[in-house]
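Chains as they are written, first to last, in the working numbering: chain A, 987 to 1202; chain B, 41 to 257; chain C, 699 to 991.
For the record, the hints were derived by calculation from the structure and aren't laboratory data.
Backbone N, C-alpha and C define an ideal beta-carbon position, used for all residues, glycine too.
Wrong hints could be hidden among the right ones.
Claimed, not checked - Distance condition first, Cα-Cα at most 27 Å in a straight line; then the derived DSSO-like pairs of lysine-lysine:
| id | chain 1 | residue 1 | chain 2 | residue 2 |
| --- | --- | --- | --- | --- |
| 1 | C | 844 | C | 862 |
| 2 | C | 894 | C | 868 |
| 3 | C | 762 | A | 1070 |
| 4 | C | 843 | A | 1070 |
| 5 | A | 1070 | C | 844 |
| 6 | A | 1070 | C | 763 |
| 7 | A | 1010 | C | 813 |
| 8 | C | 766 | C | 984 |
| 9 | C | 808 | C | 827 |
| 10 | C | 762 | C | 809 |
| 11 | C | 936 | C | 766 |
| 12 | C | 878 | A | 1070 |
| 13 | C | 868 | A | 1070 |
| 14 | C | 844 | C | 868 |
| 15 | A | 1070 | C | 984 |
| 16 | A | 1070 | C | 809 |
| 17 | B | 252 | A | 1102 |
| 18 | B | 182 | A | 1102 |
| 19 | C | 827 | A | 1010 |
What the hints assert, rightly or not - Calculated from the model, a selection of chain B residues having no Cβ within reach of chain C, i.e. all distances over 12 Å:
| id | residue |
| --- | --- |
| 20 | 85 |
| 21 | 93 |
| 22 | 116 |
| 23 | 121 |
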Amino acid sequence: MDILHAFSPDNIRFIFEGFYMTLKVALISIVLSFVVGCIAGTIRYTRLPVISPILGVLVELLRNLPLLLIIFFARFALPDVGIKLGVVNSAIVALTLFEGAMIAEIVRSGLNSIDKGQIEAARSSGLSYMQTLWHIVLPQGLRRMVPPLVSQFISLLKDTSLAVVISLGELMHHAKIVIGQSYSYTIPILLLVAVLYFLVNYALSLAARRLETRLV
Amino acid sequence: MPDFSIFTDYFPIYMKGFGNTIVASIIALIGSFVLGTIIAVFRISSVKLLNWIGTAFVEFIRNIPLLLVVFVFFYGLPSVGVTLSGFVCGTVGLTVYTASFIAEAIRAGIMSVPRGQTEAAQATGLTYIQTMRYVVLPQAVKIVIPPLSNQFLNLVKNSSVLGVFAGFDLMYFGDQIASETYATFDTYVIVALLYLVLTLPLSYMALRLERKLAQTG
Amino acid sequence: MISKKWVASCFTFLLAIGFVLSGCGNTAQTGGGAASAPAGSPAASSAPSGTTAAGGGFALDDIKKRGKLVVGVKYDTKLFGLKNPTGGEVEGFDVDMAKALAKEILGDEKKIELKEVTSKTRIPMLENKEIDMIIATMTITDERKKQVEFSDVYFKAGQSLLVKKGSPIKGIADIKKGTKVLAVKGSTSVINIKAKSPDATILEFDNYQDAFSALKAGQGDTLTTDNAILYGMMAQDKNYEVVGEPFTDEPYGIAMKKGETALQSTVNEALKKLQSNGEYKKIYEKWIGQSPS
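Excised from the complex, chain A in its bound form (with noise of 0.2 Å):
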């Protein structure tokens, strides 16, 4: 264990533009599959007809699928068909729809748990349904919904580290290289990357508790 040179000061800085890469990824995406999450979700919740059901079927092939195999999928077999994305921008695809179809359920399970009662007293009270849809289910499903979906971040967070295989620059890519010098440096280096994977996630779902525990 070569914990001195494992830790020099350009294999440090290579490892953290590592993770800087993966934050960037993570960041986009949960954003991308935040919105394209709920907007789905919510459509299949809506049961519009046409949409919802092709929806349905898009959210259920996307949830049933190895992400590993949607990420080569973007990159390596889209082409194929005439879609070129880069490296960083499948990684960005791959995960939000993953994601997103992940989030579309969460969604619309969490609407769905809002009682029909409320909804029937809203309507009857003499709210549209995109009114009451506005103003009494998306809240409280929302304040609902903020536990599965921190912890589809943390996933989403985690899940960047399998686009190495498409050559995308992050952590573990960046780690691998600075292991390729020497196998001593294995160990300090794994440890470094799983210290720095667990305190963002770990502080993800710190501010997940406190999040929830405003809403509620």
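Using the hints, position chains B and C against chain A.
Just chains B and C, lined up with the frame of chain A:
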């Protein structure tokens, strides 16, 4: 339209990968359930050390990527003299990783069983272990099944990580075939279909289980 | 009704199927089957109005218009294309060749952009036009000629074996049933080793870095690829050595998109020039340490 000659030419290889994915998933499924239950019991135990071990395990493993876990087993373990194959590393990593989530789900289930029951059971002379086994866990199981079935679905999808570590699973062979034939679209579509054969039924079963449990309440 | 018995028998059934399936199927088969024309490859190009040099294709014009040559190189192969964490530069024989070509085609060796490729990703990236050419330890084979245009040979390598010092393996003859051989997905080395030693267990990885790390971790008995790449690994870690004579010929070529014959002839002209003006010899000696044969 996918060119199915890719499928027929390489059929035995796809099947070998498919088979290994199933084997790895089932082993990890059973293993993570057992390990998860043990960790859950640790976490609610009043013995401080066990408590600490359980919490540390769950909090640490939950927050790091599965890829990293398997990476440590595959590339790191040999430095202390233990060299395991890609398949074993992947399956063990999958087990350990999934166990941390299952432990949490089971813990939530156990905590949902009213304390009164535990107290009553122990008052009638049952030991702690007997209480767990005959009174608490069976009731906890009902709360636990929906998140559990979700985790098992994740497990099957996550098994694809074996492909990165020469684990001879479906992902590995699919990748290999795609690299050699350059028929990437067709190959990955076939791999996707094969995964769906495993995951869609699991998804459906999980849904039915949830509905059934919601009824019996 | 989903009873416990039903679930248990389902699992046992699946487990049984799983064991049966994983038992059959022969890993040695992947290499042999020359698959039907891959769906993704471009049809024979129909580039009409070509460019100045003999031949067709628009790539040369694009490069000149862009003012920059985009080359796919390896980032994980010492001596040919290796990304150095210190400074982040990519260095190697292939890289210097790329720069020399940029100088010949565009007049300035700085008018170049390097992108990372692996044996698996290089052809897809070329076909997507993400790169103008591949200079990444790529062996010229008839199979690949169907997919890309190759330049003349710019490096002669041969497949060989890398082992830990003291290993009982001394050459290709020592690779038997049960020997674990490490290689990279999509490389010719995989196909060759499967043909030469069909009983051995081949573990394939995404790139050479992963394969070498696996060798260092003891996950395999030997690593096989072109000797040039293996010499690079030897330079990185003195505990490993190349053994045995090369058992294949691996002539490296620069790959360009199919149909880009104008670019191809320009590159060949440039290569000849580098040979005659001594640049090639300089680059060769810098990285390989000997004179080119």
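Verification of the supplied hints:
1. C:844 to C:862: Roughly 37 Å between the alpha carbons, so the hint for residue 844 of chain C and residue 862 of chain C is violated.
2. C:894 to C:868: 15 Å, holds
3. C:762 to A:1070: 23 Å, holds
4. C:843 to A:1070: Between residue 843 of chain C and residue 1070 of chain A the Cα gap is close to 23 Å, so the pair holds against 27 Å.
5. A:1070 to C:844: 22 Å, holds
6. A:1070 to C:763: 22 Å, holds
7. A:1010 to C:813: 20 Å, holds
8. C:766 to C:984: Roughly 25 Å between the alpha carbons, so the hint for residue 766 of chain C and residue 984 of chain C holds.
9. C:808 to C:827: Holds - the C-alpha atoms of residue 827 of chain C and residue 808 of chain C are around 20 Å apart, at most 27 Å.
10. C:762 to C:809: 10 Å, holds
11. C:936 to C:766: 38 Å, violated
12. C:878 to A:1070: 37 Å, violated
13. C:868 to A:1070: Violated. Residue 868 of chain C to residue 1070 of chain A sits at ~45 Å, over the 27 Å cutoff.
14. C:844 to C:868: Distance of about 36 Å is beyond 27 Å: violated.
15. A:1070 to C:984: With Cα atoms ~37 Å apart, residue 1070 of chain A and residue 984 of chain C exceed 27 Å; violated.
16. A:1070 to C:809: Holds. Residue 1070 of chain A to residue 809 of chain C sits at ~25 Å (cutoff 27 Å).
17. B:252 to A:1102: Answer holds: residue 252 of chain B to residue 1102 of chain A is near 20 Å, not above 27 Å.
18. B:182 to A:1102: Holds - the C-alpha atoms of residue 1102 of chain A and residue 182 of chain B are around 24 Å apart, at most 27 Å.
19. C:827 to A:1010: It holds: about 26 Å lies between the C-alpha atoms, which stays within 27 Å.
20. 85: 28 Å, holds
21. 93: Holds, because the least Cβ-Cβ distance between residue 93 of chain B and chain C comes to about 28 Å, which exceeds 12 Å.
22. 116: Its Cβ does come within 12 Å of chain C, the nearest being 8 Å, so this is violated.
23. 121: 9 Å, violated
When held up to the earlier numbered hints, the structure conflicts with 1, 11, 12, 13, 14, 15, 22 and 23 and fits the remainder.
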